[in-house]
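Undergrad: Each chain, letter by letter, is given below.
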Amino acid sequence: MSSATSPGRLSRGDRLFLTLVIGLPLLALLVFVWLPALASIALSFTTWDGIDLSDIHWTGLENYAQIFTNYPPFWPAVQHNVIWLLFTALLPTPFGIFLAYQLDRKIRFTRVYQTAIFLPMVLSLAVVGFIWEIIYNPDTGLLNSVLGAAGAGGHIDWLGNPDLNLWAVLIASAWRHTGYIMILYLAGLKSVDPALREAAALDGAGGRQTFLKVIFPALKPVNVIILVVTVMESLRAFDIVYVLGGGTGSKPGMELLSLLITDNIVGEAGHIGYGSALAVILLLVSLAAIGTFLVQTFRKEDR
Amino acid sequence: MTQHSSFPLAARSPGRRRVVGGLFGLSAAALAAPVLTACGGGPGGDPKTVTFGSNGADATPKKAYAAVTKAFTEDSGLTVKTNTVDHDTFQTSITSYLQGTPDDVFTWFAGYRMQYFAKKGLASPVDDVWDVIGGGFSEAAKQLSRGEDGKYYFVPLYNYPWAVFYRKSLFQDRGYEVPATWDDFIALAKRMKKDGLSPVTAGYGGGDSWSVLGAFDYLDLRANGYDFHMQLMRGEVAWTDKRAVRVLDLWRELTPYYQTGGGGRSWQDAAQSLIDKKSGMAVIGLFIGQQITDEAIREDIDFFPFPEIDSAHGLDAVEAPTDGFMLSRKPKNEDGAKKFLEFLGGARAEELYMGVDPSNLAANDQAKTDSYNALQTKSAELIGSAKHISQFADRDSDPGFISTVVLPGLVEWLGHPDDGTATLKKIESQRSRFFTS
Chain A
1 MSSATSPGRL
11 SRGDRLFLTL
21 VIGLPLLALL
31 VFVWLPALAS
41 IALSFTTWDG
51 IDLSDIHWTG
61 LENYAQIFTN
71 YPPFWPAVQH
81 NVIWLLFTAL
91 LPTPFGIFLA
101 YQLDRKIRFT
111 RVYQTAIFLP
121 MVLSLAVVGF
131 IWEIIYNPDT
141 GLLNSVLGAA
151 GAGGHIDWLG
161 NPDLNLWAVL
171 IASAWRHTGY
181 IMILYLAGLK
191 SVDPALREAA
201 ALDGAGGRQT
211 FLKVIFPALK
221 PVNVIILVVT
231 VMESLRAFDI
241 VYVLGGGTGS
251 KPGMELLSLL
261 ITDNIVGEAG
271 HIGYGSALAV
281 ILLLVSLAAI
291 GTFLVQTFRK
301 EDR
Chain B
1 MTQHSSFPLA
11 ARSPGRRRVV
21 GGLFGLSAAA
31 LAAPVLTACG
41 GGPGGDPKTV
51 TFGSNGADAT
61 PKKAYAAVTK
71 AFTEDSGLTV
81 KTNTVDHDTF
91 QTSITSYLQG
101 TPDDVFTWFA
111 GYRMQYFAKK
121 GLASPVDDVW
131 DVIGGGFSEA
141 AKQLSRGEDG
151 KYYFVPLYNY
161 PWAVFYRKSL
171 FQDRGYEVPA
181 TWDDFIALAK
191 RMKKDGLSPV
201 TAGYGGGDSW
211 SVLGAFDYLD
221 LRANGYDFHM
231 QLMRGEVAWT
241 DKRAVRVLDL
251 WRELTPYYQT
261 GGGGRSWQDA
271 AQSLIDKKSG
281 MAVIGLFIGQ
291 QITDEAIRED
301 IDFFPFPEID
311 SAHGLDAVEA
321 PTDGFMLSRK
331 PKNEDGAKKF
341 LEFLGGARAE
351 ELYMGVDPSN
361 LAANDQAKTD
371 SYNALQTKSA
381 ELIGSAKHIS
391 QFADRDSDPG
401 FISTVVLPGL
411 VEWLGHPDDG
421 TATLKKIESQ
431 RSRFFTS
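As you go down the protein sequences, you meet chains A and B in turn. If you count by this note's numbering, then the first sequence holds residues 1 to 303, one letter each, in order. If you count by this note's numbering, then the second sequence holds residues 1 to 437, one letter each, in order.
Simulated from the structure, these hints should not be mistaken for laboratory data. A portion of the hints provided could be inaccurate.
What the hints assert, rightly or not - Listed next, with one range per pair, are the computed distances between beta-carbon atoms:
#1 Ile41/A with Val245/B: 39 to 47 Å
#2 Leu26/A with Phe435/B: 43 to 51 Å
#3 Asp183/B with Pro94/A: 38 to 46 Å
#4 Ile290/A with Lys425/B: 36 to 44 Å
#5 Ala65/A with Lys425/B: 47 to 55 Å
#6 Phe435/B with Trp75/A: 20 to 28 Å
#7 Ile41/A with Lys425/B: 29 to 37 Å
#8 Leu294/A with Phe435/B: 17 to 25 Å
#9 Asp75/B with Asn70/A: 52 to 60 Å
Stated by the list, open to error - Beyond 12 Å from chain A on every Cβ pair, some chain B residues (computed):
#10 Asp58
#11 Asp128
#12 Ala140
#13 Asp269
#14 Ala296
#15 Ile297
#16 Lys339
#17 Ala347
#18 Lys387
Claimed, not checked - Under the rule of at most 20 Å between Cα atoms (straight-line distance), these lysine to any residue pairs were calculated in the SDA-like manner:
#19 Lys425/B with Gln66/A
#20 Lys62/B with Asp294/B
#21 Lys368/B with Ala71/B
#22 Lys213/A with Arg197/A
#23 Lys425/B with Trp75/A
#24 Lys378/B with Ile292/B
#25 Lys193/B with Arg252/B
#26 Lys193/B with Asp139/A
#27 Lys106/A with Ala195/A
#28 Lys278/B with Ser145/A
#29 Lys120/B with Asp55/A
#30 Lys119/B with His57/A
#31 Lys425/B with Pro76/A
#32 Lys426/B with Asn70/A
#33 Lys142/B with Lys426/B
#34 Lys426/B with Tyr64/A
Ideal placement from N, C-alpha and C gives every residue a C-beta, glycine not left out.
Use the sequences and the hints to build the structure in full.
TA: Below you can see the structure in the form of structure tokens.
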């Protein structure tokens, strides 16, 4: 744009360039984001088996009515998504921040710790699932062996018991999430001006006070990113549950909205309309969470 | 093997792609599918190559299919390009697979599941293949291979019965006797428990929850008969019917004798506990043989039919799912694919396959059975004596209904087996969503 000779008069090459640079992403955005989103919304008012376009039948709000009143896994899924959000926000996220703060103080072997804690994030999801499956196996798993619960009769069924399996999966997810948050926060901490710490030390602030009153507020941009990451990770929670659940959709005790969507859309005899309605519900929840958050943030910025 | 079937995401990309598609671009994927297929099918394939989509990802079936395709290549000069996909993933992605660019020939199951795709136009009729192979099949097998329009869409390879498996030496050592009736069965289970065994193995964790349907089907077939079972499967009677309630009541008698921790274990691990003599019995299919690596143990495995519950029905029904092949709707090499199907439906392919994987029975009557082991011979007799042959719940019914409604319901119920009223009510409330037309 700086190459334009005068505002409003662009050369032919410039116009072509601008058309391409703006047009292509716009087209991609429309085709890959907006069209599917709008099509999902439209399809959520229909029934469709996903094969012939002529088989799409309009049913109005029927899908939504069914989901809210007569779809047993729906409310458990909503509840589990909320638990997921609260758990991730209250345990692994603060823990990741805590680890980052400790590692930033240049203790010995800090690189080793960093690598060790960040490692799960580097591993492919399949490997993460594999590792936890080995840990949770009822007969030969590490956890039951350590607890002495592998014998006949005394099995603790970590992934099969509907009262336990959500927590088992949450631990596995936290294992990954902590390292992620830690590395993000560590990057933020590196950018904190050492003078700030010195000033705080001179004023007689202890380690905890320095962090809470000086460092934490100074890292607001990073905190915002971490909050967004945490909320997003919780709402889109899917992969690790899918892997640990055996790769075939929702299991009793581990229902999540994202899994219910795939249950209905992927597979034989798909219920595209029903699944789309579930997807729209998840979209609305996500938009509400992110919208609230953005409004809050920008309102403060404006002041 | 366990891990293999537990991590379809790891194993291949189509699974992941479907997942992503399902989550984000769900309707785009669906809308784009018909467009994509337009460029997929038709001519342009290599006339010397037939593509073959196989769900036989476990070691034994993979080796068996390799032997079959190798022999076909030697016979015909046509190369077979096999695309093997994990069993569970193959099933979950089948609809999109068939709408995309499927392989010319693909493995599939007989029954409602085959008819569904035939009805939707996602498979080609293979009547001319049947003109060649038809002589080798019984009327029952032919019936299983036809779509609702009367045309053939399916070439059977093998079937296998479900029954109650046990180790002969364990029964001998402990003086157990094969139970003939339900009361004997429960009494035997009770005795095994007292002897410190897990009476009935249980492994329905993760993607293996389908395996609980074997017990459900047999309880229903024995207590209420084949006709009621099929009505229930096809959504024609209410799941709150008192006959369905009775099935859960009977099941509840058996659940205290299930191996604990079944919800987190694969069927293979459960089968292993029978092989290791930690469990006494297993309600499972003949494919349990795939878990056996020691030939001496194979000799020691035996089975008895699921015991009689109501004398009006006796043991007249056998659950014996049939697996085989279908032709995709626009095969790239149609002539080659049909030649391949003719080969697959012939006796020789069956002999080659069973030679590697002795845990199934040839569907073609002309296949030699002299290499059968004792279990196969006994299985063939069991199936031969049956008045009714059921496929399996997820093949006799709408698979979506079974996998998203019935299975989660039954698995949850197995965690806390109560009188089942609430579970059956939940299932019933969903029935109309799947069986409307």
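Undergrad: All hints, please: hold or fail.
TA: Hint check results:
1. Ile41/A with Val245/B: 39 to 47 Å: Distance hint for Ile41/A, Val245/B holds at roughly 41 Å.
2. Leu26/A with Phe435/B: 43 to 51 Å: 45 Å, holds
3. Asp183/B with Pro94/A: 38 to 46 Å: 59 Å, violated
4. Ile290/A with Lys425/B: 36 to 44 Å: Cβ of Ile290/A to Cβ of Lys425/B: about 38 Å, so the range 36 to 44 Å holds.
5. Ala65/A with Lys425/B: 47 to 55 Å: Violated, at about 18 Å.
6. Phe435/B with Trp75/A: 20 to 28 Å: Distance hint for Phe435/B, Trp75/A holds at roughly 24 Å.
7. Ile41/A with Lys425/B: 29 to 37 Å: About 32 Å separates the Cβ atoms of Ile41/A and Lys425/B, which means 29 to 37 Å holds.
8. Leu294/A with Phe435/B: 17 to 25 Å: 45 Å, violated
9. Asp75/B with Asn70/A: 52 to 60 Å: For Asn70/A against Asp75/B, whose Cβ atoms are near 56 Å apart, the range 52 to 60 Å holds.
10. Asp58: 15 Å, holds
11. Asp128: At roughly 25 Å from the nearest Cβ of chain A, Asp128/B sits farther out than 12 Å, so the non-interface label holds.
12. Ala140: 24 Å, holds
13. Asp269: 6 Å, violated
14. Ala296: 23 Å, holds
15. Ile297: Since the minimum Cβ distance to chain A is about 19 Å, Ile297/B lies beyond 12 Å and the statement holds.
16. Lys339: It holds; Lys339/B is separated from chain A by about 28 Å at its closest Cβ, greater than 12 Å.
17. Ala347: 31 Å, holds
18. Lys387: At about 29 Å from chain A, Lys387/B clears the 12 Å cut-off, so the statement holds.
19. Lys425/B with Gln66/A: Between Lys425/B and Gln66/A the Cα gap is close to 15 Å, so the pair holds against 20 Å.
20. Lys62/B with Asp294/B: Holds, at about 19 Å.
21. Lys368/B with Ala71/B: 17 Å, holds
22. Lys213/A with Arg197/A: 11 Å, holds
23. Lys425/B with Trp75/A: 17 Å, holds
24. Lys378/B with Ile292/B: 18 Å, holds
25. Lys193/B with Arg252/B: 16 Å, holds
26. Lys193/B with Asp139/A: 18 Å, holds
27. Lys106/A with Ala195/A: 17 Å, holds
28. Lys278/B with Ser145/A: The hint holds at about 17 Å.
29. Lys120/B with Asp55/A: 11 Å, holds
30. Lys119/B with His57/A: 18 Å, holds
31. Lys425/B with Pro76/A: Since the Cα atoms of Lys425/B and Pro76/A sit roughly 17 Å apart, the hinted pair holds (cutoff 20 Å).
32. Lys426/B with Asn70/A: 8 Å, holds
33. Lys142/B with Lys426/B: With a Cα-Cα distance of about 37 Å, the restraint between Lys142/B and Lys426/B is violated, given a limit of 20 Å.
34. Lys426/B with Tyr64/A: Holds - the C-alpha atoms of Tyr64/A and Lys426/B are around 17 Å apart, at most 20 Å.
Checked against the numbered hints given earlier, the structure breaks hints 3, 5, 8, 13 and 33 and satisfies all the rest.
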